[in-house]
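K.L.:
Starting from the known structure of chain Y, fit chain A onto it as the hints suggest.
Chains as they are written, first to last, in this note's numbering: chain Y, 35 to 131; chain A, 233 to 762.
Derived from the structure by calculation, the hints contain no laboratory data.
Keep in mind the model is a prediction, meaning the values are calculated, not measured.
A virtual CB, placed ideally from N, CA and C, is assigned to each residue, including glycine.
Some hints here could point you the wrong way.
What the hints assert, rightly or not - Taking CB as the label site, the calculated pair distances span:
1) A:Gln486 to Y:Val89: 37 to 45 Å
2) Y:Ala112 to A:Ala253: 22 to 30 Å
3) Y:Leu123 to A:Ala285: 58 to 66 Å
4) A:Met731 to Y:Leu123: 57 to 65 Å
5) Y:Ala78 to A:Arg501: 24 to 32 Å
6) A:Thr288 to Y:Ala112: 52 to 60 Å
7) Y:Leu40 to A:Ile367: 30 to 38 Å
8) Y:Ala78 to A:Thr288: 29 to 37 Å
9) Y:Thr39 to A:Leu432: 41 to 49 Å
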Amino acid sequence: MSTMTLPQPVERSLRLALGTIGGYAFANGFIGSTGALLSRLGLAPGEASSIALLVGIFVFAGIVVWAAATTRLLITSAVVVGYALLANLTAPYIAPV
Amino acid sequence: MRITDEFRKSMNWLHTWTGIALSSILFAMFWMGTLTVFHLEINKWMMPETRIAVDTTMPMDPVVMPQLEAGTFEEGEQVFFARPSERMPLIRYARFGGSERQSHFLHPETGEIVERTNSHGASDFFYPFHFSLHISWMGLGYWIVGLASVAMLVLAVSGIFIHRKIFQDFFSFRPKKQARRSTLDLHNMTAIIALPFHILFPLSGILIFALVYFPDSASVPFGGDRAALNETRSGFTTYEAAGEPGPMPQSIDQYIDRAEAIWTERDGRTAHADYLRVANVGDANSVVTIQQSFGPKKVARGTDMISFRPGTGEVVKDFEIGKIRHASAYLEGAHFLRFDSWAVRWLFFLGGLAGCAMIATGLLFWMRARIKKGMEPTSVRVVRALSAGSVTGIIAASGAFMVANRLLTNESTLGGLDRAALEVAAFYVVWLGTFIHAGIRDKAAWREQMWLIAVIAGAAPILNWITTGGFIVGALQPGQVAVAMTDVVLIAASAAAVMGARRMAKTEALERAKPVRAPRAAAAGLAPAE
Numbered sequence: 035m036s037t038m039t040l041p042q043p044v045e046r047s048l049r050l051a052l053g054t055i056g057g058y059a060f061a062n063g064f065i066g067s068t069g070a071l072l073s074r075l076g077l078a079p080g081e082a083s084s085i086a087l088l089v090g091i092f093v094f095a096g097i098v099v100w101a102a103a104t105t106r107l108l109i110t111s112a113v114v115v116g117y118a119l120l121a122n123l124t125a126p127y128i129a130p131v
Numbered sequence: 233m234r235i236t237d238e239f240r241k242s243m244n245w246l247h248t249w250t251g252i253a254l255s256s257i258l259f260a261m262f263w264m265g266t267l268t269v270f271h272l273e274i275n276k277w278m279m280p281e282t283r284i285a286v287d288t289t290m291p292m293d294p295v296v297m298p299q300l301e302a303g304t305f306e307e308g309e310q311v312f313f314a315r316p317s318e319r320m321p322l323i324r325y326a327r328f329g330g331s332e333r334q335s336h337f338l339h340p341e342t343g344e345i346v347e348r349t350n351s352h353g354a355s356d357f358f359y360p361f362h363f364s365l366h367i368s369w370m371g372l373g374y375w376i377v378g379l380a381s382v383a384m385l386v387l388a389v390s391g392i393f394i395h396r397k398i399f400q401d402f403f404s405f406r407p408k409k410q411a412r413r414s415t416l417d418l419h420n421m422t423a424i425i426a427l428p429f430h431i432l433f434p435l436s437g438i439l440i441f442a443l444v445y446f447p448d449s450a451s452v453p454f455g456g457d458r459a460a461l462n463e464t465r466s467g468f469t470t471y472e473a474a475g476e477p478g479p480m481p482q483s484i485d486q487y488i489d490r491a492e493a494i495w496t497e498r499d500g501r502t503a504h505a506d507y508l509r510v511a512n513v514g515d516a517n518s519v520v521t522i523q524q525s526f527g528p529k530k531v532a533r534g535t536d537m538i539s540f541r542p543g544t545g546e547v548v549k550d551f552e553i554g555k556i557r558h559a560s561a562y563l564e565g566a567h568f569l570r571f572d573s574w575a576v577r578w579l580f581f582l583g584g585l586a587g588c589a590m591i592a593t594g595l596l597f598w599m600r601a602r603i604k605k606g607m608e609p610t611s612v613r614v615v616r617a618l619s620a621g622s623v624t625g626i627i628a629a630s631g632a633f634m635v636a637n638r639l640l641t642n643e644s645t646l647g648g649l650d651r652a653a654l655e656v657a658a659f660y661v662v663w664l665g666t667f668i669h670a671g672i673r674d675k676a677a678w679r680e681q682m683w684l685i686a687v688i689a690g691a692a693p694i695l696n697w698i699t700t701g702g703f704i705v706g707a708l709q710p711g712q713v714a715v716a717m718t719d720v721v722l723i724a725a726s727a728a729a730v731m732g733a734r735r736m737a738k739t740e741a742l743e744r745a746k747p748v749r750a751p752r753a754a755a756a757g758l759a760p761a762e
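Extracted from the complex, chain Y is given alone in its bound form (with noise of 0.2 Å):
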């Protein structure tokens, strides 16, 4: 499937739903893995945990204007849920308790 083919308006409504739900999979994705493995290499739980759901905010933020922005929509896409998927289900697994 190539991006180029779809309408501007499917195109867009694409984007803006990778952006929102795909963004905000990915940052709870990233919040719990990065929290947990900050915890697994010794930092305090709280810590891990603080700075993982600062920086998941400007990460949420982010993929939303790549989302808009990419070329390769197809890809990013698959970049996005991949990493969601991957992080959300592994994350439990990396923290050390």
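P.N.:
Positioned in the frame of chain Y, the structure of chain A alone reads:
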């Protein structure tokens, strides 16, 4: 990194359509948030019984101890007191954790329960509106506001990329130029001048409610234990009752003094405890907790909390947070704005107004550009009606809420609604009315609603004078300065609305006089995306 035209175009449509889709919600958040900066001062205006001067260092024992000694407490029940402040001179007293939740306000001198004006005031209406929109169903309001906050960050970023000459835009405001140009100038100028606020407000707002938006992922480092996460962030510990009698605290002030001395030494600046809690009063596992949630000399919030064992005075818990959490607490504290700085409070108020102006001018510019490009008149009418109701309508409705407060008495009822509910009803009736009015009056809606704002904001100080006798000069007494300032701001708002309405009338007359012509090719970054 080189910014290509393609990238700039994509940022343009993202900025335009995100702005249009969420502008009504963003304006409501910014407007209510701006009012929230002075919510305690508006409370004083709406609740005359709070217009008293208070010594904020007064001892708490004369008020707290009788409540503890006279009360019969259930197992697990907690007692809470908020110390009086210059901005909120009454002492809040609450009991929770038992079968019945109680909340009262006590007079700081007599300790007696104060009969309050039956009103939500700004603290229970404007304040929660800006973070929940008063939509409680499944927490939907929080999620809408959270999404709009992320959108605000995206709008800030995309807005920066759209501009080729950001510093030139900073200094460009040409009010004498055609309406479309001067509207865009004002949009750019308010966006750039108040950019730090446009980033700080949404970012810190999301951080405050982070555990609503990311409850599971944030608790991953705690093995998914949300209670442990909450305790680490807030410092709150639940103390179970032992079920055996224990000593009553002999004095609360001694614990306040000890806690403040510890924090003052630790931070190197004068501390002032604001909240006191007593868990399991009279039980062997009773605990007195002293908090400095919003220190007068400290921006970070919720960082100081010490718990003592009554009788022995032993420190049960001294809550301390790490450096990273402190950075987050600093941002959150900046959003709450409870530290003692009137200059910063006014700066935030102006920053909020700049945000409102930015959103309103963004909407006006979009509409003016669309009309020139020959968009369907019905679509333009719909957007115009929605935007008028969202901008001028909510401002008028906020004024109607305050006017209703001065017109009604505690005994007022209508259709089963009491005074507090009637004030809220006045807000929503006026707000809904402005949408209908805008649908009917089309182009004239913004201007006419400006006149409505002028009338309402002008009437409010007069009603305050008639009903309470407090009017600017007369109100410039200790404990009443906030009332005088609220009156002054209302009069200024009325004057600004008159000026806005007159300017709009002039613009409309010019537009009517001009022949319709085809639009010139828009320069990149000047016109919104199709």
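K.L.:
Work down the list of hints and note, for each, if the structure agrees.
P.N.:
Against the structure, the hints:
| no. | hint | in the structure |
| --- | --- | --- |
| 1 | A:Gln486 to Y:Val89: 37 to 45 Å | 43 Å, holds |
| 2 | Y:Ala112 to A:Ala253: 22 to 30 Å | 26 Å, holds |
| 3 | Y:Leu123 to A:Ala285: 58 to 66 Å | 60 Å, holds |
| 4 | A:Met731 to Y:Leu123: 57 to 65 Å | 58 Å, holds |
| 5 | Y:Ala78 to A:Arg501: 24 to 32 Å | 26 Å, holds |
| 6 | A:Thr288 to Y:Ala112: 52 to 60 Å | 59 Å, holds |
| 7 | Y:Leu40 to A:Ile367: 30 to 38 Å | 34 Å, holds |
| 8 | Y:Ala78 to A:Thr288: 29 to 37 Å | 35 Å, holds |
| 9 | Y:Thr39 to A:Leu432: 41 to 49 Å | 42 Å, holds |
Violated hints are absent here; each numbered hint is respected by the structure.
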